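Numbering-wise, UniProt numbering puts 50 at position 50 of the sequence shown, and it's gapless, one number per residue.
Heads up, some of the hints might be wrong.
Taking lysine to aspartate or glutamate pairs in the DMTMM-like style, the calculated list, with each CA pair at most 25 Å apart, reads [said to hold, decoys possible]:
(1) K4 x D93
(2) K4 x D221
(3) K4 x D308
(4) K4 x D126
(5) K4 x E195
(6) K4 x D131
(7) K4 x E57
(8) K4 x D294
(9) K4 x E119
(10) K4 x E14
Here are the computed distance ranges between Cβ atoms for each label pair [unchecked claim]:
(11) R29 x D67: 19 to 27 Å
(12) H116 x E53: 20 to 28 Å
(13) L176 x P260: 21 to 29 Å
(14) L156 x A245: 35 to 43 Å
(15) V188 x D37: 18 to 26 Å
(16) R29 x G112: 23 to 31 Å
Rather than coming from a laboratory, the hints here were simulated on the basis of the structure.
Since we're looking at a predicted model, the values are computed, not measured.
We treat Cβ as the ideally placed atom computed from N, Cα and C, and that holds for glycine.
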Amino acid sequence: MRTKPELSATIRRERRAALVVNAHSRRGRRLYEGARDRLTSAGFTLLAAYPVERPAELEQSLAAAADLGPDLLIAGGGDGTISTAARLLAHRDIALGLLPLGTTNNFARTVGVPLHLDEAVAVLVDGKVIDVDLGLVGSMRFTNHIGVGLSADVMLRTPPRLKRATGRLAYPVTALTLLTRHRPLRAVVRAEGREHEFVTHQLYVANGGFHAGRPITADADADDRLLVAYPVGGRPRRELLRDTARNAATGHRRTLGDEPFLAVRQLWLETDRPAPVEVDGELYGETPIRIGLDPNALRIMAPAHTLDR
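Use the sequences and the hints to build the structure in full.
Spelled out as structure tokens, the structure:
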């Protein structure tokens with residue numbers, strides 16, 4: 001493995017890259033050619049460029065791109081695309097470049113990559129390689145978060161026809177429908193010799209610093225060797241709606257030392273009944289689960305001023 005400064009210097013000098021864009025989304029499809037043209041104009045030699053229109057082929061395309069041996073694998077898409085690429089590149093001598101083309105772009109926000117396409121390409125040209133943590137649930141790595149409760153139930157129960165008809169609006173519509181009859185969970189988190197109990201409709205465990213496009217806290221990070229566990233609301237259903245709105249509005253002013261956040265290195269999570277679990281927006285399994293960290297597992301291109309721990 002090259003050192004991070006060595007890999008940074010090689011990327012700046014050789015500009016050997018591969019590009020994979022999730023073109024299944026309208027934004028990815030619309031911006032693919034522009035992204036490819038901007039990269040070649042910036043001096044990158046693209047060993048391959050894949051506009052992936054079928055979600056089932058995304059992982060295969062990313063693997064094919066990595067097998068070409070680029071110094072930089074550039075992934076264009078939302079958090080699901082970035083998470084898939086991150087799992088593939090963990091502990092490999094390839095840096096991940098981000099073109100944030102999703103709706104919330106939580107991971108890009110966490111690592112400071114600009115959301116505008118021209119500015120994101122500029123980071124690939126002038127940035128540096130850093131490494132960040134990935135979360136671990138079982139043997140599966142993740143970039144952003146694990147959700148237990150309503151969010152996983154929504155993913156499980158959203159009708160495919162509604163998704164085709166309304167796109168992402170299908171999820172909040174389904175959430176409001178489910179919430180009227182959703183039973184709260186009693187969740188127990190065991191970490192660092194202590195036990196914490198919550199009665200809630202929704203619990204998250206985050207590796208990154210953003211959720212739904214907003215800061216979780218002012219000091220949450222993907223490079224601090226910490227996970228952040230927190231419930232959203234209590235037993236009354238109205239508290240879930242109230243706390244969701246409050247978190248979005250005040251996250252930038254809160255810290256990991258505030259209630260109800262638990263900042264730990266690993267944890268065991270169980271619930272009073274088996275509850276579905278979603279990992280970075282994909283269904284994973286059911287509770288109970290053990291969640292940990294894979295420290296400094298992923299190399300990424302970040303802005304040159306980024307602090308690398």
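Here is what the structure says about each hint:
Note on K4 and D93: the hinted pairing holds, with a Cα-Cα distance of about 9 Å set against a maximum of 25 Å. For a cut-off of 25 Å, the pair hint linking K4 to D221 stands: about 20 Å separates their Cα positions. Note on K4 and D308: the hinted pairing holds, with a Cα-Cα distance of about 10 Å set against a maximum of 25 Å. Between the alpha carbons of K4 and D126 the distance comes to roughly 14 Å, so the proposed pair stays at or under 25 Å and holds.
For the hint pairing K4 with E195, the CA-to-CA distance comes to about 39 Å; that exceeds 25 Å, so the pair is violated. About 8 Å separates the Cα atoms of K4 and D131, which keeps this hinted pair within 25 Å; it holds. A distance of roughly 30 Å separates the Cα atoms of K4 and E57; the hinted pair therefore is violated under the 25 Å criterion. A hinted pair counts as satisfied when its Cα atoms are at most 25 Å apart, and K4 with D294 qualifies at roughly 18 Å.
Restraint check for K4 and E119: the C-alpha separation of about 22 Å stays at or below 25 Å, so the hint holds. For the proposed pair K4 and E14, the alpha carbon gap of about 15 Å is at most 25 Å, so the pair holds. A beta carbon spacing of about 25 Å between R29 and D67 agrees with the range 19 to 27 Å that was offered as a hint. H116 and E53 have their C-beta atoms about 24 Å apart, which keeps the hinted 20 to 28 Å range intact.
The supplied range of 21 to 29 Å is met by L176 and P260, whose beta-carbon atoms lie about 24 Å from each other. In this structure, L156 and A245 break the distance hint of 35 to 43 Å, their C-beta atoms being roughly 24 Å apart. At about 53 Å, the beta-carbon gap between V188 and D37 misses the expected band of 18 to 26 Å. For the hinted restraint 23 to 31 Å between R29 and G112, the CB-CB distance of approximately 26 Å keeps it satisfied.
In the structure shown, a violation is registered for the earlier hints numbered 5, 7, 14, 15, in ascending order.
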